[in-house]
Structures are given as structure tokens and as C-alpha cells.
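Peer 1: Residue numbers (our numbering), protein chains in the order written: chain H, 1 to 435; chain C, 1 to 435.
Just to be clear, a hint being listed does not mean it is correct.
Since copy identity is lost for identical chains, a pair holds within one copy or between any two.
Stated by the list, open to error - Each computed DSS-like pair below joins lysine-lysine, with the alpha-carbon atoms no more than 27 angstroms apart: (1) K74 x K159; (2) K336 x K200; (3) K344 x K28; (4) K200 x K77; (5) K159 x K77; (6) K74 x K203; (7) K203 x K28; (8) K275 x K343; (9) K348 x K74; (10) K275 x K200; (11) K344 x K200; (12) K155 x K77; (13) K97 x K77; (14) K155 x K187; (15) K343 x K77; (16) K200 x K159; (17) K187 x K28.
Read the hints as simulated data drawn from the structure, not as lab findings.
Note that the coordinates shown come from a computational prediction; the quantities given were computed from them, not determined experimentally.
There are 2 protein chains.
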Amino acid sequence: MKEPQLPETNLPRLVIIGGGFGGIELAKQLKNRPVQVILLDRHNYHTFQPLLYQVATGGLEPDSIAFPLRRIFKGQKNILFRMAEVEEIIPEHQTLKTSIGNINYDYLVLASGSDTNFFGQSEIEHFSMPMKSIPEALNLRSMILQNLEEAVIEKDKEKRVALLHFVVVGGGPTGVELAGALAELKKHILATDYPELDIKQVKIYLIEGSANILGSMSAQATQKAKTFLEEMGVQVLCNQRVLSYDGEQILLSDARPILSKNVLWAAGVKGAIIKGIPKEAITRGNRILVDEYNRIKGFSDLFAIGDVAAMLTENYPNGHPGVAPVAIQQGRTLAKNILKIIKKEAPKAFCYRDKGAMATVGRNRAVVDLGKIRFQGIFAWFVWMFVHLMTLVGFRNKLVVFVNWVWSYFSYDRGTRLIIRSFSRQSMTEDTAAK
Amino acid sequence: MKEPQLPETNLPRLVIIGGGFGGIELAKQLKNRPVQVILLDRHNYHTFQPLLYQVATGGLEPDSIAFPLRRIFKGQKNILFRMAEVEEIIPEHQTLKTSIGNINYDYLVLASGSDTNFFGQSEIEHFSMPMKSIPEALNLRSMILQNLEEAVIEKDKEKRVALLHFVVVGGGPTGVELAGALAELKKHILATDYPELDIKQVKIYLIEGSANILGSMSAQATQKAKTFLEEMGVQVLCNQRVLSYDGEQILLSDARPILSKNVLWAAGVKGAIIKGIPKEAITRGNRILVDEYNRIKGFSDLFAIGDVAAMLTENYPNGHPGVAPVAIQQGRTLAKNILKIIKKEAPKAFCYRDKGAMATVGRNRAVVDLGKIRFQGIFAWFVWMFVHLMTLVGFRNKLVVFVNWVWSYFSYDRGTRLIIRSFSRQSMTEDTAAK
Numbered sequence: 001m002k003e004p005q006l007p008e009t010n011l012p013r014l015v016i017i018g019g020g021f022g023g024i025e026l027a028k029q030l031k032n033r034p035v036q037v038i039l040l041d042r043h044n045y046h047t048f049q050p051l052l053y054q055v056a057t058g059g060l061e062p063d064s065i066a067f068p069l070r071r072i073f074k075g076q077k078n079i080l081f082r083m084a085e086v087e088e089i090i091p092e093h094q095t096l097k098t099s100i101g102n103i104n105y106d107y108l109v110l111a112s113g114s115d116t117n118f119f120g121q122s123e124i125e126h127f128s129m130p131m132k133s134i135p136e137a138l139n140l141r142s143m144i145l146q147n148l149e150e151a152v153i154e155k156d157k158e159k160r161v162a163l164l165h166f167v168v169v170g171g172g173p174t175g176v177e178l179a180g181a182l183a184e185l186k187k188h189i190l191a192t193d194y195p196e197l198d199i200k201q202v203k204i205y206l207i208e209g210s211a212n213i214l215g216s217m218s219a220q221a222t223q224k225a226k227t228f229l230e231e232m233g234v235q236v237l238c239n240q241r242v243l244s245y246d247g248e249q250i251l252l253s254d255a256r257p258i259l260s261k262n263v264l265w266a267a268g269v270k271g272a273i274i275k276g277i278p279k280e281a282i283t284r285g286n287r288i289l290v291d292e293y294n295r296i297k298g299f300s301d302l303f304a305i306g307d308v309a310a311m312l313t314e315n316y317p318n319g320h321p322g323v324a325p326v327a328i329q330q331g332r333t334l335a336k337n338i339l340k341i342i343k344k345e346a347p348k349a350f351c352y353r354d355k356g357a358m359a360t361v362g363r364n365r366a367v368v369d370l371g372k373i374r375f376q377g378i379f380a381w382f383v384w385m386f387v388h389l390m391t392l393v394g395f396r397n398k399l400v401v402f403v404n405w406v407w408s409y410f411s412y413d414r415g416t417r418l419i420i421r422s423f424s425r426q427s428m429t430e431d432t433a434a435k
Numbered sequence: 001m002k003e004p005q006l007p008e009t010n011l012p013r014l015v016i017i018g019g020g021f022g023g024i025e026l027a028k029q030l031k032n033r034p035v036q037v038i039l040l041d042r043h044n045y046h047t048f049q050p051l052l053y054q055v056a057t058g059g060l061e062p063d064s065i066a067f068p069l070r071r072i073f074k075g076q077k078n079i080l081f082r083m084a085e086v087e088e089i090i091p092e093h094q095t096l097k098t099s100i101g102n103i104n105y106d107y108l109v110l111a112s113g114s115d116t117n118f119f120g121q122s123e124i125e126h127f128s129m130p131m132k133s134i135p136e137a138l139n140l141r142s143m144i145l146q147n148l149e150e151a152v153i154e155k156d157k158e159k160r161v162a163l164l165h166f167v168v169v170g171g172g173p174t175g176v177e178l179a180g181a182l183a184e185l186k187k188h189i190l191a192t193d194y195p196e197l198d199i200k201q202v203k204i205y206l207i208e209g210s211a212n213i214l215g216s217m218s219a220q221a222t223q224k225a226k227t228f229l230e231e232m233g234v235q236v237l238c239n240q241r242v243l244s245y246d247g248e249q250i251l252l253s254d255a256r257p258i259l260s261k262n263v264l265w266a267a268g269v270k271g272a273i274i275k276g277i278p279k280e281a282i283t284r285g286n287r288i289l290v291d292e293y294n295r296i297k298g299f300s301d302l303f304a305i306g307d308v309a310a311m312l313t314e315n316y317p318n319g320h321p322g323v324a325p326v327a328i329q330q331g332r333t334l335a336k337n338i339l340k341i342i343k344k345e346a347p348k349a350f351c352y353r354d355k356g357a358m359a360t361v362g363r364n365r366a367v368v369d370l371g372k373i374r375f376q377g378i379f380a381w382f383v384w385m386f387v388h389l390m391t392l393v394g395f396r397n398k399l400v401v402f403v404n405w406v407w408s409y410f411s412y413d414r415g416t417r418l419i420i421r422s423f424s425r426q427s428m429t430e431d432t433a434a435k
């Protein structure tokens, strides 16, 4: 009975899978152009992933960092949104199997982003918490707050300590930001809201496999971020592999085991590929090999952009970094190229303009690399906030996030530490299945 | 292993069940007084119920109308919060059985509020949507948005129409506000965001069992609210009982059946009583009979306030209305009386000061009764907003709600129409069980 109910037109049809940074940029660039654009996403909103950690730590409402996809494209006649889960691509028939029926395409773009990579360690996958979507960030928030409530009533010292130890695995921007936010939560919230707890028992660890946190940034940024974290009381452990985690204790390759019921996994991502992409087009980290026009290896009508794409170039022999600017720029270039391809003109090769990288550690503490220009501290923190505010989709979101940040800055509070839905392993499994 | 871990003191211990309006007012009034107060709630936050309908219809984030209970009482040494589900009261042992272990009390106050009353109609309970908690309001929001997405792809006309018909049962303030908000959603959002839908097929019905909506307000308010709703396109059907609802079609006693997949149940509440209260103390609507000091019939150390209490007086032979001001005033009076009872002084009888009633229908449209002073329209709407903003707990919440309202007023938009967690009957049952 269900059918996508897509209007028939004479225009070629471009289907985009995923309403992340790349997908929405591509669609936006094609408004009022001679192509019918169908955007598919399993959610009805775009998620601003860089601020998920603030949702997880009670600094922001989930609604503030998400934006309804239908609203982005309102009034644009050639762009349609459908909420759907894509099950399989059948390239030989130019067809997608989806949860709302089959959809035909003339051109297909995978902008499906990335999922958390547990590197095949199923025990860790089961017991640790990922943070790649709003439901996952909310689960994380609920788990942290539930464990604090549990710690208040736990008599057994070892068990209580495990509830109060927070281990963040992965020293990239997400891990650094999460560890910093937890340190602030400890300092400004736990000390006053949980008088029953011995605040000295609350410990935050950041575990990194390589020699440095923020390995993709400058040595200066790396060093300063570590200093910031340590000033805030985070124990940074580098050169550590996680050997195992059984839900109670995490074993490291080169340090003492840590008792912890809160292990947050930010150690890696892998491309969110879809059934039907041939194996030979898939490379390291589950990314899809594309040429310099973002065309998937072996196809003329299939494209991939953003996190899920691996475009191996001279400057980026392992593919581009999985960050928003790459996805946005690829979306923009591909929009022009699709129009050229339709007109049978030659497409233009993608060239990434790296504008730099930044990460925030906490109040007045951030690190910014803009090419050769590098700075850290309070000015970097303001730059970080400004860039993130400006990149957020929607004026209401900008406004509400700004109000929350100003309020938090002066009050030292985090307003939204509510367990809206209680977390259990059970419910997480369902979310993951249903997301 | 788990234990409430409550500190031993020489003070008498007062346990409060429920962090609603009554419970938090009672606890606040007892700060720094010679009594140990233990506040229990199944959630870690206080919910501002009067604005739940805005969460359900995408106008506000859930975090804006909730406030962490621990934060309300931070720094108050004689008040402790524990997140717990109360399973049973054992009055003869002055003990509570809870999900975190047994808790003894010297005095116990039930401030557990009310649940949705389906009047024993289990089929309606299964298929219609209640809205008494934040998880329920979010389920409602998700269901509405999912049904709209479903309508977009539904080919069968009858099925599509059922997805686009909204039936609100119950013409009290909640039902009126919900129906009004849906009418605004239709007018300002659906028309632009869902170009695929025939907006004329979207219909909103408000069903009321008695002769008038807002029956507890003045005839003037009642009449004007009806006019407002009809101007906004809501079909108001009074003198209608709901005979049945099978998930597809709702049968009414005196009107044609309505096809609808969206039946929102706001037709009644019943006291949220707890096992262990003797039957003879329970009266109509599951409320607990109390004397003029809020003491439960037959006990000297058990009290009930707010929605769950029925204090039958000359002016209120059926008990006081289930509204926030009653709960707050009873909490305040009981605080004084508890201190008197501890000192073996005579308590003072409760006397309700009715400050009036109000309801909002939509933009620039509200009705207010303040004793003999009655007004409707834009000024009433501003009064309604001001009173609700001022009653919201927490400065951040006031600020964020204010910003959202100002923004919505000028943009005609509702920012938060996101399906954060998808709704299914299955997940609802779990929430209800777990709430």
C-alpha cells in the first residue's frame, strides 16, 4: 500500500541518501535547477553533530542542534523530502529498495555519513556508549545521570567508584570535548547537586591510542589541549590500546585497569555503507572509493560524498578527513558537476580547501589551527563558539544555543540535565536497530 | 546492596512522594526548619505540566519545561532528593517500599498527582494517546509527525484521511489548548512543509462530553473559547460521549463516526494512588479523602496534597480542582501545619484562595477569568503568557521559553518538530510501565 508517491516529471531524478552536511548542501545548490531532487533520511531532521557532546552532558537541548529537513527545503518545488530507511541499492536497475517502497533514480548520491567503529570488538560495542546521533547522545546523558543517582545509594565502595569513573576512549576532537565537558560537569554541577558524593572519587580519563591527542592538529594545539585537560583534572593517557571492557572494568595495554561503568566510545568511525555497493569499491574504514568527481568506482550514475567517500589524492592518500567542511565542499562541487553531466559537459575535479581545525576543551579554553595561524585559550574559545553558532542551521537554533551559552557562562550551570527517557542496554539496542 | 543511604539525624523525618507543584512547594517551605525532608520522584526533574501541550505540538523543547529536582534544593542541608519509584506504603511500620530499598518516615506526604483516566475503557487506553508526562508528550509529537510522513506516501484515500484527522477528546483547558495548537500547526506549518498534502483534508475535532468546553470557567470564557476555536477551523462537538475507538475510527454517541489515527485523550484524570492506602480512604476519581489539615482519613502521620487529595468542604463538596494553585497552597499550608504538629500545637485548616482560571487557544487568543473580572483575546493572551513564564521553575527555562515564544510569534514557525525517538505502541507501553 505504501509508496513513495513521487510526482512524475520530465526532469532527470537525483536521489540523495542522507540529510547531513553534504546531503543538504548538495540539495540546496540544486534548487530551481532542471533536476528533480529526492532527499531521503531515516530522521526527519538534520543533526549538527559537532555539538552532540553538549547534548550528552546536559548543556543543550537536542532540539537546539537539530533542524527539520522539510523546513530547509520549504517552497522549493524541485526538492522533495521523504523519511525512509534505505535497504539496498540495485545499480543495474537504477533502483533503491527503501522502507517506503522502491525508488528509481537517474543519479544517486550516497551522503550517508559514518557510524561508530568498534573495530570488531563486540564486547566493547555492547558495554560502551557511542555518540553519533541524537538518540545516542540522549542515552549517554541518561546513563551518566542514572549512574550518579545510583552512586548516591550504593554502599559498596568499589561499585560506587566504578559509577563515578568516566572513561572517554579516543583523543580526537569529540573525545577531547566530551572529556572537557565532563570535567566541567564535575566541577560546577556534581559538587553542589550531589552533596552526598565524595567529589574526589569522581575521575575522568581520556584514553588515546597514538602518542598525542588531537593528532590531526598542530603540535602546539595538541600540547595545549593536553595542558588544558590536565588543569581541569582530566587524566590523559596516550599510547594506550583498549584490550577489553566487560561493563565493570576496562583493561588497557600499558596502564592499570580502570573500574568504570561509564565508558564513552569516541575512538573511530566507519563509513555507513549500504547494501548493493560492490565490495571492490569499498576501502579502509568502510569508505567508498570515488574518483575526483565523487563518482563511485565503476559507475557513471553513482556518487558518494562526505564521510562515506574515500577520494584518494596526492595530498590525501588515505582520503579526506571526516569533517563537515569536506562534506559541504564536496556537496557544492558535485551539484555543479551533476548539472554539467546532465548537459553532457565535462565535470570539474574536487579540490579541498582546508580552512583549519579547532576543538574546545572547556570554558575559555579552546585550540584553533588556521593554516599557519595558531592560537589557544579564551580568544580561540570565542572563535570556536562563533564558528559553531554560524554553522548551526536555523535562526531559532542559533538564538536558543546562544542564550544557553551566555546563561551557562554566567551561571556556571548546565540546565538540561534531565533523564527524559531512562536508559537501559535493552532500549539502546532498540534505538540502534531503529535509528 | 542498594540502600537509600539516608543520613541519621535527631530530626523527625518527613518523606514527600512526588516532585510536582505541591511536593516542591512543601519541601521549599521547610528549608532550614527542624525536620529532615526526603523528596522522592521517579524522575530527576520537576515537570511544568501546563506547557506539555506545546512540547507535544513542537513549540517547545522538553528541557525547557522541566527542571532538575536536585538543583531546586541545592545547598539545603535538611532536604534530600532520591530518584525512586514508590511501590508500597506500610503505615503500621511507618515504612515505604521503594525501588531503592525501604525508607522509614515519621510523617509521609503523598503528592503523587494524577494519571490519565480512561474510565476503564481498555480499548481506548490502548489506541489513544495520553499527555501527562514529558515522555508521553514526546510520544504524541512523534506520532503526529510520523503520521504526517505516512500520509505523504499513503495512496489509499480513506487511510490517508484517517492519518490527517486529529481528534482531541476532552474540552478542559488541556484539550482546548491542544486543539488550538494543532490548528496553528496546520495553518502555519503543514501548508508550507507538506506541499504534497491536501491541507483541506487535515481536520481537527474537539470532543466534549458535557454541554460546554471549559465547563469550570465563566459562560463568557466558554463561549469565546468556542468561537476562537471555530475561527481557527476546529470542529467543536459538545454533548458527545466516546463509544469506542479501534485505532482507525472513533464512534461518538451523537455524531457521525470519525476516521482518525490521531486520538488524543485529555478527557479526565484520576489520583495516582499508591498501594497501602486503605480502600475506605479512597473516593471518586481515585482521590484520597483528607481532612481540612490534609491528613488522610484514619491516620495522624499520613497526608495527601494536590491532585491526589480530596478535601471535601462546603465550597468544594467534590474536592478542590486539580490545578497547580491548589497543590501549591496546600503544600504551603501543610508545611506550617507539619511544624505545628511536631511542636504539638494545633494545626490550621486549609482554605483555598481561588485566583481564577485561564486557557489559551492560539496566537492572540486566550480567555481569562479572575473572579468577576473576565476578559478574552490578545490582552488575555499576554496575561496567560506572563503568568506561565513567571510560574516556570528556573531562570534558564523562563529565558528559553520566552525566546522561543517571541521567535514563534514573529516567524509563525514552530522550531522543534523533530521525531527524536520514533513512536510505536510497543515503546509507549514500555514508557508507561517505566515512567
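Peer 1: Compare the structure with each hint and give your call.
Peer 2: Now for the hints, and whether the structure bears them out:
For the identical chains of this complex, K74 and K159 are inter-copy neighbours only, at 25 angstroms across copies versus 52 angstroms inside a copy, given an alpha-carbon limit of 27 angstroms. Taking CA atoms no more than 27 angstroms apart as the test, K336 paired with K200 passes in neither setting, with 57 angstroms inside one copy and 38 angstroms between copies. Taking identical chains as interchangeable, the C-alpha atoms of K344 and K28 lie at most 27 angstroms apart only when both belong to the same chain, with a minimum of 22 angstroms there against 73 angstroms between chains. In this assembly of identical chains, the alpha carbons of K200 and K77 lie at most 27 angstroms apart only when taken from different copies (20 angstroms versus 59 angstroms within one copy).
For a Cα distance limit of 27 angstroms, the shortest separation of K159 from K77 across copies, 26 angstroms, qualifies, whereas the shortest one inside one copy, 58 angstroms, does not. When the C-alpha separation of K74 and K203 is checked against a cutoff of 27 angstroms, the pair qualifies only between copies, where the shortest distance is 22 angstroms, while the shortest distance within a copy is 47 angstroms. Taking the closest pair of Cα atoms, K203 and K28 never come within 27 angstroms of each other, the shortest separation being 45 angstroms inside a single copy and 32 angstroms across copies. In the homo-oligomer, the alpha carbons of K275 and K343 never lie at most 27 angstroms apart, since the shortest distance is 30 angstroms inside one protomer and 74 angstroms across protomers.
In the homo-oligomer, the alpha carbons of K348 and K74 never lie at most 27 angstroms apart, since the shortest distance is 30 angstroms inside one protomer and 61 angstroms across protomers. Taking the shortest alpha-carbon separations for K275 and K200, neither the intra-copy value of 49 angstroms nor the inter-copy value of 40 angstroms comes in at or below 27 angstroms. In the homo-oligomer, the alpha carbons of K344 and K200 never lie at most 27 angstroms apart, since the shortest distance is 67 angstroms inside one protomer and 43 angstroms across protomers. Taking the shortest Cα distances, K155 and K77 sit within 27 angstroms of each other only across copies (21 angstroms), while inside one copy they are farther apart (62 angstroms).
With identical chains, the CA atoms of K97 and K77 are at most 27 angstroms apart within one copy only, with a shortest distance of 24 angstroms there and 60 angstroms across copies. Taking identical chains as interchangeable, the C-alpha atoms of K155 and K187 lie at most 27 angstroms apart only when both belong to the same chain, with a minimum of 23 angstroms there against 56 angstroms between chains. When the C-alpha separation of K343 and K77 is checked against a cutoff of 27 angstroms, the pair qualifies only within one copy, where the shortest distance is 21 angstroms, while the shortest distance between copies is 74 angstroms. When the C-alpha separation of K200 and K159 is checked against a cutoff of 27 angstroms, the pair qualifies only within one copy, where the shortest distance is 15 angstroms, while the shortest distance between copies is 60 angstroms.
With identical chains, the CA atoms of K187 and K28 are at most 27 angstroms apart between copies only, with a shortest distance of 25 angstroms across copies and 43 angstroms within one.
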